[in-house]
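Asks: Listed below are the residues making up each chain.
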Amino acid sequence: MPLSDDDVREILRIIDESDVDELQIETPAFALHINRSAAGVDARSPAPRGVQGAGERAPAPAAPAPRGEPADGSVTIPSPMLGTFYRAESPGAAPFVEVGVTVTPDTTVGIIEVMKMMNSVPAGVAGVVAEILAENAALVEYGQPLLRVTPGE
Amino acid sequence: MKRVFIANRGEIAVRIVGACRRLGLECVVGASAADMDGMAAQLADRAVCIGPGPAGDSYLRDDLVVQAALGTGCDAIHPGYGFLAESPRLATRARDHGLTFVGPPTAAIALAGDKLAARSQARSAGAPVLPGGEVTTAGEARALAADIGYPLLVKAAGGGGGRGIKRIDDDDELDALVGLARREAGAAFGDDRVYLEKLIESARHVEVQLAADEHGTTLALGERDCSVQRRFQKVIEEAPAPGLSETTRARLQQAAVAFAERIGYRNLGTAEFVIDAVSGDAYFLEVNCRIQVEHPVTEAVTGLDLVAMQLQIAAGEPIGISPDGPGVTGVTGHAIECRLNAEDPTRGYMPSPGTLRLFSVPERRGLRVDTHCRPGATVPPYYDSLLAKLIAHADDRDGAIEILRDALGDVDVEGVETNRTLLISVLAHPDFAAGAVTTDWLERAL
Numbered sequence: 001m002p003l004s005d006d007d008v009r010e011i012l013r014i015i016d017e018s019d020v021d022e023l024q025i026e027t028p029a030f031a032l033h034i035n036r037s038a039a040g041v042d043a044r045s046p047a048p049r050g051v052q053g054a055g056e057r058a059p060a061p062a063a064p065a066p067r068g069e070p071a072d073g074s075v076t077i078p079s080p081m082l083g084t085f086y087r088a089e090s091p092g093a094a095p096f097v098e099v100g101v102t103v104t105p106d107t108t109v110g111i112i113e114v115m116k117m118m119n120s121v122p123a124g125v126a127g128v129v130a131e132i133l134a135e136n137a138a139l140v141e142y143g144q145p146l147l148r149v150t151p152g153e
Numbered sequence: 001m002k003r004v005f006i007a008n009r010g011e012i013a014v015r016i017v018g019a020c021r022r023l024g025l026e027c028v029v030g031a032s033a034a035d036m037d038g039m040a041a042q043l044a045d046r047a048v049c050i051g052p053g054p055a056g057d058s059y060l061r062d063d064l065v066v067q068a069a070l071g072t073g074c075d076a077i078h079p080g081y082g083f084l085a086e087s088p089r090l091a092t093r094a095r096d097h098g099l100t101f102v103g104p105p106t107a108a109i110a111l112a113g114d115k116l117a118a119r120s121q122a123r124s125a126g127a128p129v130l131p132g133g134e135v136t137t138a139g140e141a142r143a144l145a146a147d148i149g150y151p152l153l154v155k156a157a158g159g160g161g162g163r164g165i166k167r168i169d170d171d172d173e174l175d176a177l178v179g180l181a182r183r184e185a186g187a188a189f190g191d192d193r194v195y196l197e198k199l200i201e202s203a204r205h206v207e208v209q210l211a212a213d214e215h216g217t218t219l220a221l222g223e224r225d226c227s228v229q230r231r232f233q234k235v236i237e238e239a240p241a242p243g244l245s246e247t248t249r250a251r252l253q254q255a256a257v258a259f260a261e262r263i264g265y266r267n268l269g270t271a272e273f274v275i276d277a278v279s280g281d282a283y284f285l286e287v288n289c290r291i292q293v294e295h296p297v298t299e300a301v302t303g304l305d306l307v308a309m310q311l312q313i314a315a316g317e318p319i320g321i322s323p324d325g326p327g328v329t330g331v332t333g334h335a336i337e338c339r340l341n342a343e344d345p346t347r348g349y350m351p352s353p354g355t356l357r358l359f360s361v362p363e364r365r366g367l368r369v370d371t372h373c374r375p376g377a378t379v380p381p382y383y384d385s386l387l388a389k390l391i392a393h394a395d396d397r398d399g400a401i402e403i404l405r406d407a408l409g410d411v412d413v414e415g416v417e418t419n420r421t422l423l424i425s426v427l428a429h430p431d432f433a434a435g436a437v438t439t440d441w442l443e444r445a446l
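Sequences listed follow chains Y and F, in order.
Residues 1 to 153 in this note's numbering are what the first sequence spells out, letter by letter.
Residues 1 to 446 in this note's numbering are what the second sequence spells out, letter by letter.
Check the hints yourself; a few may be wrong.
Said to hold, decoys possible - In silico contact screen, one side only, chain Y against chain F (beta carbon under 10 Å); selected entries:
1) Asp72
2) Met81
3) Leu82
4) Thr84
5) Ala94
6) Thr102
7) Ile111
8) Glu113
9) Val114
10) Val125
11) Ala138
12) Val140
13) Tyr142
14) Gly152
Rather than coming from a laboratory, the hints here were simulated on the basis of the structure.
Please read all numbers here as calculations on a predicted model, not as lab measurements.
Using N, Cα and C, we set each Cβ at its ideal position, and we do this for glycine too.
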């Protein structure tokens, strides 16, 4: 029984909503090992991964500001609002950006839907996409990092 | 109902988390960025950041609230008080998306929010209302004012809860203020209708707690006296109302229930009355479609959990107490609540936001403290300044006053200014001790 992307997302969703810190499953088809504390998520708060800093809750910013910038000089693009994050214009369409793509501040990197209202998210910075942090079609919170960009011309 | 989205902050969000826990419900708090470190966000099963600090970008956004509730797998929304608690838009949007809105039917919220419509429904239900009515022109206002007599109040039809009210003492003020009141009402409430209402100068504010389920039961759960007010804002509340005759008490409860039944009210609500302290006559003012800040005094004397009751009624359960049962007609002892606010007494009780270097409230027998504060917590500048509610319950009124005076003496807050000394002064004042002060008393006496 191969795991589909949807299966993985469903597993992550279930784990996100549970209180478990660590989970190890082995079946003939697959092995899964998840360690939440290693990912730095507050064990009492099943918030999406990456929202919180390691262990302690970071002080809440007054405006969406990346929490805990990586040391490699890359910057995270925070979600400008709460909503459902989409990586593409429509289901089945190509994602706005992929890792390795060059973006300008005006490049649309995703869409956030709030009650059927679609809001495009500009990169706000020029550079190369280093990592996509938010899952497609998942709820993102205000200020949650959506993706990481290595700044450049 | 399995998972409740709490669309609020502060002490009431903490209170709702507690009720969810007692009922075995999961809860998610939708917090602004300024509140993600708050007590409610930390106590809930999960907190989601719905927007930045200013309420207009977070707590007042019904679209974000419903989106967040759906995205976190909630099946109900509890709006608390303030913010969107009495917004027909949130109730409609939530229900359109299959969520249970913990509150009355949308039509009842809309009617209660229209103070003119509520007046006319109350009159039809047999509840007395103050002389007055809608005015649109200066000429109409003059004619009606001549009829009612001064002093009077001009109120916004879309206002309520003390907002959108001006006192008028003569024709000149009337000419100057009615047009202004209409413009202000239009800007503040999106509804420029205003009405005049006779001002009872020596008045008490008494309100009846209502509960109505989906099974045909509508009950009055006793009354509260909220006459200690500053600028139409309540400072100290108590239950039962001191010095109220049994006849008046029964009349208020009957009027409140008749009104609620007439408009198809469901869930908890509060019917507010003004009582002429001289004549003893009572008049219907408005109905509030939410849990009240001062609900704990009713809980103290009835032994009920009103927030849990809201959730249970919303889930379709019967109230489970009969009009003749315990906890309804019978109240035990006397309860008084005071609101400890972050306010600066030396600057006209302006809000005093800041970081709490120290926050200490003593434990006492008979004392309940509802708060979201603790040392190190911040009091953001965006919201109301309520730090804590201290609720004392004793065999009699003097006993409750004694507990509160003693406890307030040991309240220690540093980092923000508070109204603590004002509360102590009220509780120590012979007029208050004698019972039944009027709504204009506090500003005259202190």
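Asks: If a hint holds in the structure, say so; if it doesn't, say that too.
Replies: Outcome of the hint check:
no. : hint   : result
1   : Asp72  : 26 Å, violated
2   : Met81  : 7 Å, holds
3   : Leu82  : 5 Å, holds
4   : Thr84  : 7 Å, holds
5   : Ala94  : 25 Å, violated
6   : Thr102 : 30 Å, violated
7   : Ile111 : 14 Å, violated
8   : Glu113 : 8 Å, holds
9   : Val114 : 5 Å, holds
10  : Val125 : 20 Å, violated
11  : Ala138 : 8 Å, holds
12  : Val140 : 9 Å, holds
13  : Tyr142 : 4 Å, holds
14  : Gly152 : 29 Å, violated
Violated hints, in rising order: 1, 5, 6, 7, 10 and 14; the structure is consistent with all others.
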